[in-house]
Amino acid sequence: MKYEIVYGDHALDRLFAVASELDAPELVDAVEEAMDRLADDPLHHGKRGRTIYQLPGGRVVRAQEFDFHCNAGPGRGVHFRAHFYFGDDELSLRVINLTANPYLRL
Amino acid sequence: MDCILNEQRICYDQLSERAEGWKSDHHKAMACRDVEQAVAIGLAILKNIRRWHETSAREVEQGATDFSWDSFEAVCGAYRWWLERSTVLLDVIAACEAGNFNVDGADDFRNEVRDISLMSLNVGQDRQAIASLEADKGIPSGKAMDEVRDRLRRSRS
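In order, the protein sequences belong to chains A and B. Per our numbering, residue 1 is the first one in the first sequence, and the count goes up by one each step. Per our numbering, residue 107 is the first one in the second sequence, and the count goes up by one each step.
Among these hints, one or two may not hold up.
Claimed, not checked - The calculated SDA-like cross-link candidates involving lysine to any residue, where the alpha carbons are at most 25 Å apart (straight line), are:
(1) K47(A) / V61(A)
(2) K249(B) / G87(A)
(3) K243(B) / S263(B)
(4) K2(A) / S92(A)
(5) K249(B) / R50(A)
(6) K47(A) / W175(B)
(7) K47(A) / Q231(B)
(8) K243(B) / H10(A)
(9) K2(A) / D252(B)
(10) K243(B) / A34(A)
(11) K153(B) / T171(B)
(12) K47(A) / I155(B)
(13) K47(A) / A150(B)
(14) K47(A) / E90(A)
(15) K153(B) / V181(B)
(16) K249(B) / P25(A)
(17) K2(A) / D41(A)
(18) K2(A) / E253(B)
(19) K243(B) / D29(A)
Unchecked claim - From the derived model, a few chain A residues whose C-beta atoms are all more than 12 Å from chain B:
(20) M1
(21) H45
(22) N71
(23) G73
(24) R76
(25) E90
Calculated from the structure, these hints are not laboratory results. Cβ atoms here follow ideal geometry from the backbone N, Cα and C, with glycine treated the same way.
Using the sequences and the accompanying hints, generate a full structural model.
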């Protein structure tokens with residue numbers, strides 16, 4: 001079963017900033033592909049994070065993490081981590097944030 | 107835990123404030139030994155911050171403590187402080203290695219800095235994202251990515 005991915009407010013701000021800074025618009029496609037893999041099998045790709053959130057309705061959730069990296073031009077790459085939780089409908093992955101850390105390949 | 111962390115914080119602050127001096131003296135092996143000491147302390151402090159984080163998360167999950175955004179902010183603040191101090195040390199480690207001095211624990215330290223730099227430490231933004239998601243105002247993947255593409259196109263033109 002494929003889950004639906006839904007992003008919260010400003011969840012993709014860092015992706016925009018890094019793609020803009022590295023002048024690498026292709027990063028958006030690469031991230032979309034990676035997140036698609038997560039949607040196919042979140043239990044396999046995701047891992048239990050340390051952070052707990054309480055949702056407005058009172059439900060307490062533990063954030064899940066999905067780490068991946070993408071190429072961003074010659075000699076450059078970006079590590080990403082999506083922070084998400086399962087919607088109470090059990091059909092969606094709700095993404096709180098996508099953090100990114102550019103690096104140079106040695 | 108707070109008391110131990112505070113003492114360690116003061117020590118780590120002092121060590122990393124000296125880091126610039128080490129950088130200029132990086133040709134001296136003794137300076138690199140001091141860097142090793144700072145790296146070891148940094149890793150020990152991170153272990154404590156994580157233990158604190160894990161304990162408080164477990165207590166909330168088990169219903170022993172109520173979740174509070176203020177407590178979450180305190181934990182995130184500790185990670186942010188650690189990351190700021192540790193990023194300074196990364197430069198000094200690189201300077202030691204460039205002078206052919208190996209720094210014990212450097213690889214572990216770099217991995218930990220990368221791991222913490224990928225944490226979501228902006229509490230206000232997380233809170234806002236969750237509020238929008240739970241109000242059914244989240245943006246489906248295809249639309250969200252197209253919005254980023256549009257923003258990039260606009261910023262480049």
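Okay, the hints, checked on the actual structure:
Among the hinted pairs, K47(A) with V61(A) is consistent with the structure: their alpha-carbon atoms are about 13 Å apart, no more than 25 Å. Only pairs whose Cα atoms come within 25 Å are accepted, and K249(B) paired with G87(A) is accepted, the gap being roughly 19 Å. Taking the CA atoms of K243(B) and S263(B), the gap is near 29 Å; set against the 25 Å cutoff, the hint is violated. Annotation: proposed proximity of K2(A) to S92(A) holds, straight-line Cα distance about 9 Å (limit 25 Å).
Between K249(B) and R50(A), the direct Cα distance comes to roughly 29 Å. Violation of the 25 Å bound is thereby established for this hinted pair. Restraint check for K47(A) and W175(B): satisfied, since their Cα atoms lie roughly 23 Å apart, inside the 25 Å limit. The hinted pair formed by K47(A) and Q231(B) meets the criterion: a straight-line CA distance of about 22 Å does not exceed 25 Å. Between K243(B) and H10(A), the direct Cα distance comes to roughly 12 Å. Compliance with the 25 Å bound is thereby established for this hinted pair.
Between K2(A) and D252(B) the alpha-carbon distance is near 20 Å, which keeps this suggested pair within the 25 Å criterion. The suggested pairing of K243(B) with A34(A) holds, with an alpha-carbon distance near 23 Å, which does not exceed 25 Å. Between K153(B) and T171(B) the alpha-carbon distance is near 22 Å, which keeps this suggested pair within the 25 Å criterion. A hinted pair counts as satisfied when its Cα atoms are at most 25 Å apart, and K47(A) with I155(B) qualifies at roughly 20 Å.
The suggested pairing of K47(A) with A150(B) holds, with an alpha-carbon distance near 24 Å, which does not exceed 25 Å. Taking the CA atoms of K47(A) and E90(A), the gap is about 17 Å. The hint holds against a cut of 25 Å. For the hint linking K153(B) to V181(B), the alpha-carbon distance of about 13 Å falls within 25 Å, and the restraint holds. For the hint pairing K249(B) with P25(A), the CA-to-CA distance comes to about 16 Å; that is within 25 Å, so the pair holds.
With a CA separation close to 7 Å, the supplied pair K2(A) and D41(A) stays within the 25 Å bound. Distance hint between K2(A) and E253(B) is fulfilled; the C-alpha atoms sit about 22 Å from each other, no more than 25 Å. Our distance criterion of 25 Å between C-alpha atoms is met by K243(B) and D29(A), whose separation comes to about 23 Å. For M1(A), the requirement that its beta carbon stay farther than 12 Å from each beta carbon of chain B is met, with the minimum near 16 Å.
Against chain B, the non-interface label of H45(A) holds: every CB pair exceeds 12 Å, the least being about 15 Å. No beta-carbon of chain B comes within 12 Å of the beta-carbon of N71(A); the shortest separation is about 17 Å. No beta-carbon of chain B comes within 12 Å of the beta-carbon of G73(A); the shortest separation is about 15 Å. Every CB of chain B lies more than 12 Å from the CB of R76(A), the least distance being 15 Å, so the non-interface label holds.
Residue placement check: E90(A) keeps its beta carbon more than 12 Å from all beta carbons of chain B (closest about 15 Å).
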